[in-house]
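*Asks:* Heads up: the protein sequence lines correspond to chains A and B, in order. Be aware that the first sequence starts at 1, since it is given in the working numbering, and climbs by one per residue. Be aware that the second sequence starts at 1, since it is given in the working numbering, and climbs by one per residue.
Hints in this document: simulated from the structure, not taken from any laboratory. The C-beta atom is built at its ideal place from N, Cα and C for all residues, glycine as well.
Reference listing, derived: stretches of chain A covered by chain B, where coverage requires no fewer than 3 residues with Cβ under 8 angstroms from a Cβ of chain B:
#, region
1, 104 to 115
2, 129 to 142
3, 177 to 183
4, 198 to 210
Each chain, written out:
Protein chains: 2
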Amino acid sequence: MPRPTRPAPSPRTRVRRLPERAHYDADTIAAIVDAAMLCTVAFQLDGAVHAIPTIHWREGGHLYLHGAKASRMLKALTEGEACVTIALADGLVLARSAMHHSMNYRSVVVYGRFEAVTEPAHKLASLRAFIDGLYPGRWDTLRPITEKELNATSVLRIALDEASAKVRDWGVKDDEEDLDWPVWAGVIPLRTLAGEPVTEPDSVARSVPPTRFG
Amino acid sequence: MPRPTRPAPSPRTRVRRLPERAHYDADTIAAIVDAAMLCTVAFQLDGAVHAIPTIHWREGGHLYLHGAKASRMLKALTEGEACVTIALADGLVLARSAMHHSMNYRSVVVYGRFEAVTEPAHKLASLRAFIDGLYPGRWDTLRPITEKELNATSVLRIALDEASAKVRDWGVKDDEEDLDWPVWAGVIPLRTLAGEPVTEPDSVARSVPPTRFG
Ligand SMILES: Cc1cc2nc3c(=O)[nH]c(=O)nc-3n(C[C@H](O)[C@H](O)[C@H](O)COP(=O)(O)OP(=O)(O)OC[C@H]3O[C@@H](n4cnc5c(N)ncnc54)[C@H](O)[C@@H]3O)c2cc1C
Ligand SMILES: Cc1cc2nc3c(=O)[nH]c(=O)nc-3n(C[C@H](O)[C@H](O)[C@H](O)COP(=O)(O)OP(=O)(O)OC[C@H]3O[C@@H](n4cnc5c(N)ncnc54)[C@H](O)[C@@H]3O)c2cc1C
Ligand code: HEM
Ligand code: HEM
Numbered sequence: 001m002p003r004p005t006r007p008a009p010s011p012r013t014r015v016r017r018l019p020e021r022a023h024y025d026a027d028t029i030a031a032i033v034d035a036a037m038l039c040t041v042a043f044q045l046d047g048a049v050h051a052i053p054t055i056h057w058r059e060g061g062h063l064y065l066h067g068a069k070a071s072r073m074l075k076a077l078t079e080g081e082a083c084v085t086i087a088l089a090d091g092l093v094l095a096r097s098a099m100h101h102s103m104n105y106r107s108v109v110v111y112g113r114f115e116a117v118t119e120p121a122h123k124l125a126s127l128r129a130f131i132d133g134l135y136p137g138r139w140d141t142l143r144p145i146t147e148k149e150l151n152a153t154s155v156l157r158i159a160l161d162e163a164s165a166k167v168r169d170w171g172v173k174d175d176e177e178d179l180d181w182p183v184w185a186g187v188i189p190l191r192t193l194a195g196e197p198v199t200e201p202d203s204v205a206r207s208v209p210p211t212r213f214g
Numbered sequence: 001m002p003r004p005t006r007p008a009p010s011p012r013t014r015v016r017r018l019p020e021r022a023h024y025d026a027d028t029i030a031a032i033v034d035a036a037m038l039c040t041v042a043f044q045l046d047g048a049v050h051a052i053p054t055i056h057w058r059e060g061g062h063l064y065l066h067g068a069k070a071s072r073m074l075k076a077l078t079e080g081e082a083c084v085t086i087a088l089a090d091g092l093v094l095a096r097s098a099m100h101h102s103m104n105y106r107s108v109v110v111y112g113r114f115e116a117v118t119e120p121a122h123k124l125a126s127l128r129a130f131i132d133g134l135y136p137g138r139w140d141t142l143r144p145i146t147e148k149e150l151n152a153t154s155v156l157r158i159a160l161d162e163a164s165a166k167v168r169d170w171g172v173k174d175d176e177e178d179l180d181w182p183v184w185a186g187v188i189p190l191r192t193l194a195g196e197p198v199t200e201p202d203s204v205a206r207s208v209p210p211t212r213f214g
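Build the full structure now, drawing on both the sequences and the hints.
*Replies:* In structure tokens, the structure reads:
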């Protein structure tokens with residue numbers, strides 16, 4: 001990856017450790033958000049810091065979450081600042097020296113405040129985008145969602161504005177004098193793959209739908 | 001999985017949403033910590049909440065981290081409370097209704113304060129355990145670590161005492177009256193696998209070492 005083409009959006013998002021791995025452009029950030037399905041959302045509540053794993057999806061310049069209207073996490077998120085973290089493990093990097101071992105990765109850290117998506121048409125469209133983004137075309141084939149289900153669900157979003165990405169995507173660095181040390185040096189890629197689907201015994205439909213995961 | 005066999009270790013670790021998915025026993029927690037390589041560490045600094053992805057490993061009842069002695073994250077962690085989050089995505093759960101879609105997962109949330117591992121023999125033994133835990137037997141084959149490298153590195157650990165696990169590991173739940181809706185219902189498992197290793201062009205050793213990932 002080339003060096004960052006634009007500056008950090010705020011002082012606190014400026015990557016200080018290994019800043020040559022930083023990216024602040026919206027396209028790099030969006031691509032990492034889309035490649036991941038899970039994020040961790042950190043927030044402050046009752047004087048303590050909490051960090052909770054959750055599914056996310058992206059629409060334009062926002063990252064979206066969903067859950068129970070009664071959830072502590074979702075309530076806390078509209079009342080204070082949050083930090084959202086996404087990390088993808090792309091490879092194990094094995095060097096000749098212990099210290100130069102590393103990982104290839106893509107990560108994003110976002111600061112800001114979530115807002116609730118309450119406007120009914122927007123909320124419905126977002127839930128449709130969530131389902132269809134994972135399983136193309138699925139929304140229209142499902143048992144239609146009810147008012148009661150919609151009312152029990154919260155949808156929140158945060159702007160991907162105060163965000164940074166950090167990426168490592170290359171081979172092994174070792175000290176010059178260690179290059180002929182007789183131990184294997186290289187990268188072992190890691191990938192998340194879909195396995196064999198398990199159809200429910202009582203599923204009337206038997207053919208597995210396509211997913212974003214191939 | 002059976003119901004939790006012991007109570008939450010503290011009021012704030014008691015899982016309130018879907019508590020039937022909670023586990024508080026040390027063995028369940030340790031197994032999830034070991035199955036994951038990455039965690040997210042959340043901490044408070046300068047009035048804001050930060051959450052940073054990092055590698056972890058476990059020794060007994062502690063989760064360990066490493067990084068630069070000069071790192072903001074590692075410095076902040078010994079000065080205040082932290083929350084560590086681990087999440088593994090095990091499967092996509094597709095239901096007949098939108099709302100009953102879900103994921104199979106294993107997650108852990110830990111609260112507490114990190115302590116620095118500074119005693120030289122303990123620190124060295126921990127870094128060895130870190131490398132050999134990923135790549136059995138590798139430490140002894142590496143270019144030996146130097147004093148300077150050890151001095152530049154911090155190792156921190158947190159007790160897995162104030163911790164909870166949450167697990168979903170089964171099929172599809174749908175409302176009774178939706179069971180014959182003609183759309184596929186089932187689980188698509190997800191797995192992270194090691195791909196084809198990429199040997200460095202200048203690696204003297206050409207045979208790939210074993211890893212914990214098979
Ligand atoms: C898969 C993975 C594994 C990692 N393992 C380790 C490890 O074992 N040890 C270790 O020290 N570090 C590890 N890192 C790097 C780690 O995430 C931090 O970048 C690093 O520890 C420096 O943290 P800091 O708070 O001191 O950074 P600083 O550079 O001081 O952070 C300043 C700001 O930069 C941004 N930033 C920092 N890190 C990231 C990031 N990863 N992604 C996007 N924005 C970021 C945030 O806005 C942050 O507030 C790992 C990263 C990933 C993705
Ligand atoms: C892979 C994955 C995807 C998820 N996706 C979603 C989603 O899209 N929407 C959603 O609402 N929820 C999701 N969850 C569940 C989420 O992590 C929370 O459990 C849930 O949102 C309730 O949060 P809360 O803060 O309101 O919980 P509460 O039950 O009030 O939390 C109380 C305490 O229980 C413990 N706890 C809570 N959650 C967890 C956990 N996951 N693991 C271990 N301990 C925990 C913590 O100690 C926490 O402080 C997902 C979980 C995983 C692992
Ligand atoms: C045991 C010997 C090791 C030592 C002494 C060591 C030392 C360090 C140090 C000092 C840093 C901070 C870099 C910086 O912020 O400037 C660091 C970061 C890191 N280490 Fe290690 N490390 C060791 C093993 C490993 C192993 C085995 C892995 C991979 C499995 C690894 C993965 C990483 C990663 C991913 C980072 C973050 C780099 C970044 O910010 O982009 N390290 N390590
Ligand atoms: C679009 C329609 C959807 C609606 C209305 C909906 C609604 C909800 C609600 C209300 C909760 C909170 C449960 C609770 O805390 O009591 C929840 C949690 C959750 N949802 Fe959804 N959901 C939808 C789609 C999905 C999809 C497509 C997935 C999977 C990809 C999913 C995965 C989850 C997960 C993993 C949880 C957490 C359950 C737990 O805490 O163990 N949801 N959802």
